[in-house]
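**Q** Each chain, written out:
Number of protein chains: 2
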Amino acid sequence: MQLVTLKAELADAPTADSFDLIDAPTPTCPEGGMLVRTVYLSLDPYIGSRIRGRHMGEGAPRPGHDPIPGAIVGQVLESKAAGFEKGDWIHSMEGGWQATCALDAAHARKIDANAAPLSAYTGVLGMPGLTAWAGITQLAKVRTGDTVLIDAAAGPVGGTAGQIARIKGASRIVGIAGGPQKCGMVTEQYGFDACIDYKQDGWKDALADALPDGLSVFFENVSGEMAMTALGHAQLYTRGILCGLVAGYQNKERAMHALDMGFIIGKRAQLFGLVVYDYYDRWDAFTAEASDWIKSGKLNFVEDRAEGLANAPALFEKLLGGKHIGKAIVQVTEE
Amino acid sequence: MQLVTLKAELADAPTADSFDLIDAPTPTCPEGGMLVRTVYLSLDPYIGSRIRGRHMGEGAPRPGHDPIPGAIVGQVLESKAAGFEKGDWIHSMEGGWQATCALDAAHARKIDANAAPLSAYTGVLGMPGLTAWAGITQLAKVRTGDTVLIDAAAGPVGGTAGQIARIKGASRIVGIAGGPQKCGMVTEQYGFDACIDYKQDGWKDALADALPDGLSVFFENVSGEMAMTALGHAQLYTRGILCGLVAGYQNKERAMHALDMGFIIGKRAQLFGLVVYDYYDRWDAFTAEASDWIKSGKLNFVEDRAEGLANAPALFEKLLGGKHIGKAIVQVTEE
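Sequence order for the protein chains is P and A.
In this text, residue positions in the first sequence follow the numbering used here: the first is 773, and each later residue adds one.
In this text, residue positions in the second sequence follow the numbering used here: the first is 773, and each later residue adds one.
Because the hints were derived from the structure by calculation, they are not lab data.
Incorrect hints may have been included.
[Stated by the list, open to error] In silico DSS-like cross-links for lysine-lysine, where the CA-CA straight-line distance does not exceed 30 Å:
| no. | chain 1 | residue 1 | chain 2 | residue 2 |
| --- | --- | --- | --- | --- |
| 1 | A | LYS882 | A | LYS852 |
| 2 | P | LYS940 | A | LYS1039 |
| 3 | P | LYS1039 | A | LYS913 |
| 4 | P | LYS940 | P | LYS858 |
| 5 | A | LYS940 | P | LYS913 |
| 6 | P | LYS940 | A | LYS913 |
| 7 | P | LYS971 | P | LYS1067 |
| 8 | A | LYS1070 | A | LYS1095 |
| 9 | P | LYS1095 | P | LYS1070 |
| 10 | A | LYS852 | A | LYS940 |
| 11 | A | LYS1067 | A | LYS913 |
| 12 | A | LYS913 | P | LYS913 |
| 13 | A | LYS940 | P | LYS1039 |
| 14 | P | LYS913 | P | LYS1067 |
| 15 | P | LYS913 | P | LYS940 |
| 16 | P | LYS971 | P | LYS1095 |
| 17 | P | LYS1039 | A | LYS1039 |
| 18 | A | LYS1039 | A | LYS1067 |
| 19 | P | LYS913 | A | LYS1039 |
| 20 | A | LYS852 | A | LYS971 |
| 21 | A | LYS913 | A | LYS1039 |
[What the hints assert, rightly or not] Examples of chain A residues lying across from chain P (beta carbon under 7 Å, computed):
| no. | residue |
| --- | --- |
| 22 | PRO799 |
| 23 | CYS801 |
| 24 | LEU1017 |
| 25 | HIS1029 |
| 26 | ILE1037 |
| 27 | GLN1042 |
| 28 | LEU1043 |
| 29 | ILE1066 |
[Claimed, not checked] Among the chain P residues that face chain A by a calculated CB cut under 8 Å, a handful are:
| no. | residue |
| --- | --- |
| 30 | ALA853 |
| 31 | ALA854 |
| 32 | GLY855 |
| 33 | LEU1014 |
| 34 | ASP1032 |
| 35 | MET1033 |
| 36 | GLY1034 |
| 37 | ILE1037 |
| 38 | ARG1040 |
| 39 | PHE1044 |
Just so you know, even glycine gets a beta-carbon here, dropped at the ideal spot from N, CA and C.
Only chain P is shown next, with the shape it has when bound in the complex:
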């Protein structure tokens, strides 16, 4: 079967050339687990950090051998796990960039193929969506009247966070994204009230204009510097979700993303570190609720698709360079 691995240990940020598509033996079905054919593969920025062994203490995959890690949506081919049968659809964070994967039952979550499009389980119903939901509803507890600022707003975390904030009653939602195409998507598809293009001169003035009464919640996906920009527009008692450091995932060195403690005190800010792992036990509940939002048209998503594992590396390079539009996914095979 096909599998994508690293050519060599990474000295620098990965590019499409950092990967090899190789043939590997098809795994066998493990005791207590299952064999799954990969249909959709999710490409996410944290993988850029993880494949260098720098994400949450997890090991890096071995070049020339291990598949690149990644979440998948797939269908059970064979099961030795209670509760899973051949033909079931599952989502797993542990699938990886390979055509067929062997999974422990603990790493697979059954999904409802009728509740939403299957590919949505990689994005708006997947880890990015759960992240957005956790930050907006469980930590910031967005409520009627909030003004919410979200950066990396064209990404699946940011775009979903803004839409959930709207569902929860936020009165104004402002995004930050890179380039007019992304900004247009954020306001048109995701329904934000405004989206500021940080690649434009004078964007900080534009941001101030978009937040005439300041903000009461911010959702930070990019960097410490961006968090400080958000805090600069914060009302007193602002709740800030510290979620991602996308700006640093490609860097060679681990950088410190500094927040100014004096400024946090002066604003009486409340800051919440968010790691989505902590919410995995509530994934099914979230999926059920969010599927209804998708059906009723309150929650939209946009995809940037590649076809086939061979095209995964190029899309991943595009993702790390911020050149993708929407959730980056690879359709590995037909549904």
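With chain P's structure known, arrange chain A on it following the hints.
**A** This is chain A only, laid out in the frame that chain P set:
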């Protein structure tokens, strides 16, 4: 009457020589206000920042003219304010370093001279105590089983915070303070389980030993660096109170106290900026509750007293140098 003022605008951290004791006309009783004789004057670290115009946007006092700002406990000499009568005892954040002060009614709060020693209203029942209460009970919401780390633990904020944490059910309370005398006070008078002397070599190892299971709450009074040390011992989901930057109050330049956003995310920390102003409307409720704790011996306090306004500058220099032991107060005149 006597009044202490700045000799000249401060170019550097103030010392005892930065101040002049001068004679000034006794103020008259303002309409809607009162005239108060100052009995206890509170000396607090934030004043070192405020007299250089660097605290919360408030203006600096004019050299040779304005009294140094400071909280007081005093007795009403004359009143033109509804609800205040001659002989009433009051606490005010706006009294200043002067023998007699004219106060708006909005800046005076009547206190019960029978509920607690009058001097306690400058410390454990005053702004430091309210700060401690707000952080421990309103923001961190300390509960049964918490392990709490508090720095500047020998100060009236830190010492009170630890004792309130104990009252609220914390199972282990560890302090950080400078020198064996302060550390002894923290464990003996304030009842902390341990206090680490940060002036000793190897204090970080001693801190680790004192927190074998990590900490669930920290109360930060000193600096960003100290907050990062606390985070280093944090369990996941630690609540951190960001309250003071005592380490920076004497500095010439405003320094950034940097917190590492990636580290906050990894720990899923919840950080709360605390400014005590926000809790002034709950001061009476706090005082009533805390007076009972004092009476029942659950809440202790230690004072470092000077006698007379002439001795205020020397005690203030001692305070800024961290050489005081207990709440720094000046007894301006007899009760």
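**Q** Look at each hint and say if it fits the structure.
**A** Structure-based check of each hint:
1. Only pairs whose Cα atoms come within 30 Å are accepted, and A/LYS882 paired with A/LYS852 is accepted, the gap being roughly 15 Å.
2. Restraint check for P/LYS940 and A/LYS1039: the C-alpha separation of about 27 Å stays at or below 30 Å, so the hint holds.
3. For the proposed pair P/LYS1039 and A/LYS913, the alpha carbon gap of about 20 Å is at most 30 Å, so the pair holds.
4. A distance of roughly 38 Å separates the Cα atoms of P/LYS940 and P/LYS858; the hinted pair therefore is violated under the 30 Å criterion.
5. Note on A/LYS940 and P/LYS913: the hinted pairing holds, with a Cα-Cα distance of about 26 Å set against a maximum of 30 Å.
6. For the suggested pair P/LYS940 and A/LYS913, the alpha carbons sit about 26 Å apart, so the restraint of at most 30 Å is met.
7. The suggested pairing of P/LYS971 with P/LYS1067 is violated, with an alpha-carbon distance near 34 Å, which exceeds 30 Å.
8. Of the pairs offered as hints, the one joining A/LYS1070 and A/LYS1095 holds, with about 26 Å between alpha carbons and a cut-off of 30 Å not exceeded.
9. The suggested pairing of P/LYS1095 with P/LYS1070 holds, with an alpha-carbon distance near 26 Å, which does not exceed 30 Å.
10. Using a Cα cut-off of 30 Å, the hinted pair A/LYS852 and A/LYS940 is violated, with the two alpha carbons roughly 41 Å apart.
11. Distance check on the hinted pair: A/LYS1067 and A/LYS913 sit about 24 Å apart at the alpha-carbon level, within 30 Å; holds.
12. Pair hint A/LYS913 plus P/LYS913 holds up; C-alpha atoms about 17 Å apart against a cutoff of 30 Å.
13. For the hint pairing A/LYS940 with P/LYS1039, the CA-to-CA distance comes to about 27 Å; that is within 30 Å, so the pair holds.
14. Of the supplied pair hints, the one linking P/LYS913 and P/LYS1067 holds, its CA atoms being roughly 24 Å apart against a limit of 30 Å.
15. With a CA separation close to 9 Å, the supplied pair P/LYS913 and P/LYS940 stays within the 30 Å bound.
16. With a C-alpha separation of about 13 Å, the suggested pairing of P/LYS971 with P/LYS1095 holds against the 30 Å cut-off.
17. Proximity of P/LYS1039 to A/LYS1039 is assessed by CA-CA distance (about 22 Å); at most 30 Å being required, the pair is judged to hold.
18. Only pairs whose Cα atoms come within 30 Å are accepted, and A/LYS1039 paired with A/LYS1067 is rejected, the gap being roughly 39 Å.
19. With a CA separation close to 20 Å, the supplied pair P/LYS913 and A/LYS1039 stays within the 30 Å bound.
20. About 52 Å separates the Cα atoms of A/LYS852 and A/LYS971, which puts this hinted pair outside 30 Å; it is violated.
21. With a C-alpha separation of about 18 Å, the suggested pairing of A/LYS913 with A/LYS1039 holds against the 30 Å cut-off.
22. For A/PRO799, the interface hint is violated, the least distance from its beta-carbon to any beta-carbon of chain P being 32 Å, above 7 Å.
23. About 35 Å separates the beta-carbon of A/CYS801 from the nearest beta-carbon of chain P, more than 7 Å, and the hint is not met.
24. Annotation: interface hint on A/LEU1017 holds; nearest CB of chain P at approximately 6 Å, less than 7 Å.
25. Because the closest C-beta pair between A/HIS1029 and chain P is about 4 Å apart, less than 7 Å, the hint holds.
26. Below 7 Å, beta-carbon pairs count as interface contacts, and A/ILE1037 has one with chain P at about 4 Å; its hint therefore holds.
27. A least Cβ separation of about 5 Å between A/GLN1042 and chain P falls short of the 7 Å threshold, and the interface hint therefore holds.
28. Of the supplied interface hints, the one on A/LEU1043 holds, with its beta-carbon coming within about 4 Å of a beta-carbon of chain P, less than 7 Å.
29. A cut of 7 Å between beta carbons decides the hint on A/ILE1066: the least distance to chain P is about 28 Å, and the hint is violated.
30. A distance limit of 8 Å between C-beta atoms decides the matter here; for P/ALA853 the minimum to chain A is near 29 Å, and the interface restraint is violated.
31. Because the closest C-beta pair between P/ALA854 and chain A is about 31 Å apart, greater than 8 Å, the hint is violated.
32. Interface hint status for P/GLY855: violated, as the beta-carbon distance to the closest one in chain A is roughly 29 Å, over 8 Å.
33. Taking 8 Å as the C-beta cut-off, the interface hint given for P/LEU1014 holds, the closest approach to chain A being about 5 Å.
34. A hinted interface residue such as P/ASP1032 counts as satisfied when its beta carbon comes closer than 8 Å to some beta carbon of chain A; here the least separation is about 5 Å, so the hint holds.
35. Here the hint on P/MET1033 is kept, as its CB sits about 4 Å from the closest CB of chain A, short of 8 Å.
36. Given hint, P/GLY1034 at the interface with chain A, holds; its Cβ is 6 Å from that chain's nearest Cβ, closer than 8 Å.
37. Hint status for P/ILE1037 relative to chain A: holds, with the closest Cβ pair at about 4 Å, below 8 Å.
38. With a cut of 8 Å, the hint placing P/ARG1040 at the interface with chain A holds, because the nearest CB-to-CB distance is about 5 Å.
39. Given hint, P/PHE1044 at the interface with chain A, holds; its Cβ is 5 Å from that chain's nearest Cβ, closer than 8 Å.
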